[in-house]
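J.: Here is what each chain is made of, one letter per residue.
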Amino acid sequence: MAVIVFAESWEGKFKKITNEAVSYAHGLAEAEGTNVIAVAVGALESDPAELGKYGASEVVTVEGDAFASFNASVWATAIAEVAEAKGAKHIVLSGTNNGKMIGPMLSVKAGASYISNAIDIPSNFAPFTVRRNAFSNKGLVDYQTNAEKVVVSIVPNALGVKETGGSASVSSHSSSAAADSRVNVIDVDRVKGKIPLPEADLVVSAGRGMKAPENWTMIEELADVLGAGTACSKPVSDIGWRPHSEHVGQTGIQINPSLYIAVGISGAIQHLAGVSGSKTIVVINNDPEAPFFKAADYGIVGDAFEVVPKLTEALKSFKANQ
Amino acid sequence: MKILVCISHVPDTTSKINFVNDNTEFDTNGVQFIINPYDEFGLTKAIQLKEANGGTVTAINVGDATTEPTLRKALAIGADDAIRVNANPTDAYFVAEQLAAVAKDGGYDLIICGQESIDYNGGQVGGMLAALLDLPFASPCVGLDIDGSTATVLREIDGGKEKSTMSLPIVLGGKKGLVEEKDLRIPNMRGIMTARTKPLATVEAVSADARTTAVKFEKPAAKAAVKLVDSAEELVQLLHNEAKAI
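These protein sequence lines map, in sequence, to chains A and B. Every letter in the first sequence is one number past the one before it in the working numbering, and letter 186, counting from 1, is 186. Every letter in the second sequence is one number past the one before it in the working numbering, and letter 167, counting from 1, is 489.
Hints are computed from structural coordinates only; laboratory data are not their basis. Even for Gly, the Cβ is constructed at its ideal location relative to N, Cα and C. Mixed in with the good hints there might be a few duds.
[As the list claims (entries may be wrong)] Rough simulated footprint, nothing fancy, chain A against chain B, three-plus residues with beta-carbon under 8 Å:
(1) 443 to 449
(2) 457 to 471
(3) 475 to 489
[Said to hold, decoys possible] Okay, derived cross-link-like pairs now, EDC-like style, lysine to aspartate or glutamate, Cα gap no bigger than 16 Å in a straight line:
(4) A:Lys-310 / B:Glu-564
(5) B:Lys-541 / B:Asp-349
(6) A:Lys-192 / B:Glu-484
(7) A:Lys-279 / B:Glu-564
(8) B:Lys-485 / A:Asp-187
(9) B:Lys-372 / B:Asp-349
(10) A:Lys-310 / A:Glu-220
(11) A:Lys-319 / B:Glu-555
Looking at chain B on its own, in the form it has when it is part of the complex (with noise of 0.2 Å):
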């Protein structure tokens, strides 16, 4: 079974968010970056499928060489090679043409994205690359079981759960369910020696337009300081009148 595990690099989940230039740039100075936290259960789901079923696991990444050390933070994590998109990740369908380039040809079981990256949280791309590919999509995925060519899959609807079964290739959009947080595995010192003679190829970017642009970043107004009050009565007065909560 071949998996493509997609990976995203994104800011550390407890980042300073901050914008430069003129507010037209994310400010990347002093940000540790990081699996997207939601690929990360995606690529645990597909490394014990590796080990249940046999086959491979490959990463992939679109970005340039700034973000190879999060590809070999997946590889160290027990992913067998890594593919690089050279490019720089300009919008989710410029993204979605370029892994839709590499998986195209890959002969893919299964491939996985996060439900979203934590840093745009478009939840664009797992979506594109299927309807790009014409392979059955689930989203956000919270439960897979593969036996021979058939998924199993659940997924989370509003104020629920849906279950489906899905023939492969297919492509999902994970989240924790995919594994518990608790057997999400984190690199060892024998994972990080051999991730460092992995396989990491870096391929050239095909030609693809990105169809949106970010124009301009702002932070949140601040809030104003909390309003404490002592009375249960006083919160449900000011919920009225001057929150129009209720």
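Looking at chain A on its own, in the form it has when it is part of the complex (with noise of 0.2 Å):
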């Protein structure tokens, strides 16, 4: 029956949240007693083995001009063709941006039920119980379904990686679906040489308290150091000190990294409705009433401008000595 799991590329490569799916998908597969499929949809360059070291049993590679860009109409199609010949029940996918599109789709066209953002192995499997986020990290629901077969996303960084050291078989799906001649990809800009702000696990945000753009530099250098995304609260990107594809909150983008630094950030609701899933949040503020410090495990108050330097170097030294 075996639990398929989308193994997501980016440019050919394995995505590294992929490597969290397939470990997500290998939990599963294991309390249910079968095997893990990962469905590789589009042209790739990665070895499709490197799965088997996350738990994947079997990788299915499904090419073709239909699959040359990205639409999920028709990736979906592919992936429940797959499911369906491997008789699958659950299908595992990540929610990334790609990810939150096929998943809805392919729940109808695999007559599948949809439980999306989980954020922690099912707790159940007949019925198949999950928990997941809610009312933008103010709540936590179990969720439960009775069908048969179930399409589950989890949110990215929530669960990690495990390796687990196995090795997969690689085979080819000769799908069906045709290309969607109503959908042309015309054009596809993605920050080089940064980690998408989706995927990053730790990652340095700042906000008004920088007082103007040039100010960015000490920021930058604390993410570099770190090895960190870089991020930004909504008044800096609504002035346009900081592009809107760095703002993180509810109307911006949400982001569930191990760390979150902000750095002259007041907290507004908003923004921490984006935030909150981060699992340790350090708040720097002049402010000791900051809203933030309310949702922080650590928080310096102090000046950003003397605080930020010192802490890049603090961490410089401290990687210095690992």
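Grab the two chains, each in its own frame, and use the hints to assemble them into the complex.
T.: Following this line, the structure appears as structure tokens:
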């Protein structure tokens, strides 16, 4: 019966969070006494067999003209075909922007129920029950379904990667899905050399407390030392100090890194809705009354222009001694 | 051009979230309900498109009579008419089936949903609706131009943006960027007055089964008080030894 997992790639290489999705699928497969089959759609440069390391026993590649650019409906059809052929009861994908488009379409095409944004392993398999976020991170909900087939998407970075050290066989599937002439991707503009924010495990973010856009150099230096992504609060992107693509919060991007460092951000409820899934939150602010301190694990009350360079130096010496 | 804007009726962003009946239900007591913020961007975009190209904007919601004030607000903002599918919106699949039933024969060129609702955050309805209607889908959509029967759609991808052209009709999941926040329409007195006389149709639900059930709610564990530290070195040690974050 197998657990199917969508092995998402970018420019032919598996995304880092694909390893997390495969690990999650492996957990499901173990509990159900079955195996994991990963489905990689589109041209691939990565060695498909590398997913064996995270628990896939088989990787099915789906290539061809119909998959030359992203189309959620066409990709969902191909994944549904493999799931059908393998008799899968569970299909796992990561809640990336592409995953969020594929998931609901796939559930309809596969005749499956869909639980999105899972943040834990299922607490029960009959009926399938899993916990997810809701109310913009102000609540948790256990969702249940009696459906025979379930599509489940997981919140990126919520569950982590587990190496199991197995090996995977590789096969290909010839999909009947045809290219969709109604949709033409004409341009893809992706920031090169930077970690996409939803995938970043560590994020350094700053707000109006930085006073001017040129002061972001120190935020970028701190992020560089950590190997972190950079983000900003809404007012900062509204003024145009930073691009909208860095705005995290309810109307921006929602992230769930393991560490979120917020510099000069007061912590409005809309900002918290986008970042409170972070495992550890550090707040640096000169206002001890800033509401963000209530949501933080660690805080430094102080002037960002003094604290941030000191933190960068402290991290450099910490890294040098590792 | 006929545009359908799907409106979720959600608790105000700043609402306190509580659960009742042994944590099996969301407590609506004292909660102010609003148009889902992501849907508001779509509604304003629809009105702008109508003003530029002509046509109609229909707002639709699946809900009981208590959601009518939210639909009236959509009318006050500028929708021409509204439809309420008279049903308890039990899950995303049920809602998508209801919307699909209305949209199927409606001849809509463009159907706009929010990328997700701010209550259950599922992000499911738009994609399910597109699949049920076999229409192209883009989400989260942060830019839209219409030229004749072609839409140029900008959507967020992880770490960037993707631009596509799509033949109408299409389904979009929208967010800020469809219009900017400063351009969001706020109902004025004239809008509120005319909204009272605009048509708000009630249709009965089609038969569809919910596929999922929310069985138990919980609030996240209260955070321990913030640990304030004095020095960067101390913070680094805590992040390494205690939080295991670096």
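J.: Taking 16 Å as the top limit, are the C-alpha atoms of Lys-279 of chain A and Glu-564 of chain B close enough?
T.: holds, 12 Å
J.: Taken at face value, is the distance from the CA of Glu-564 of chain B to the CA of Lys-310 of chain A at most 16 Å?
T.: Since the Cα atoms of Lys-310 of chain A and Glu-564 of chain B sit roughly 20 Å apart, the hinted pair is violated (cutoff 16 Å).
J.: Between Lys-319 of chain A and Glu-555 of chain B, does the CA-CA distance stay at or below 16 Å?
T.: Distance ~12 Å between Lys-319 of chain A and Glu-555 of chain B Cα, so the pair holds.
J.: Checking one constraint from the list: CA of Lys-310 of chain A to CA of Glu-220 of chain A, max 16 Å. Satisfied?
T.: Status holds; Cα separation ~14 Å.
J.: Closer than 8 Å Cβ to Cβ for three or more residues is the test here. Does the stretch 475 to 489 of chain B pass it with chain A?
T.: n = 13 at 8 Å, threshold three: holds.
J.: Given the hinted pair Lys-541 of chain B and Asp-349 of chain B, is their Cα-Cα distance within 16 Å?
T.: holds, 12 Å
J.: Three or more residues of the stretch 457 to 471 of chain B near chain A by CB distance under 8 Å?
T.: holds (count 6)
J.: For the stretch 443 to 449 of chain B, do at least 3 residues have a Cβ located nearer than 8 Å to some Cβ of chain A?
T.: holds (count 7)
J.: Just to be careful, I want the Cα atoms of Lys-192 of chain A and Glu-484 of chain B compared with a cutoff of 16 Å; is the pair within it?
T.: holds, 14 Å
J.: Check whether the Cα positions of Lys-485 of chain B and Asp-187 of chain A lie no farther apart than 16 Å.
T.: holds, 5 Å
J.: Given the proposed pairing of Lys-372 of chain B with Asp-349 of chain B, does the C-alpha separation stay at or below 16 Å?
T.: violated, 38 Å
In the structure shown, a violation is registered for the earlier hints numbered 4, 9, in ascending order.
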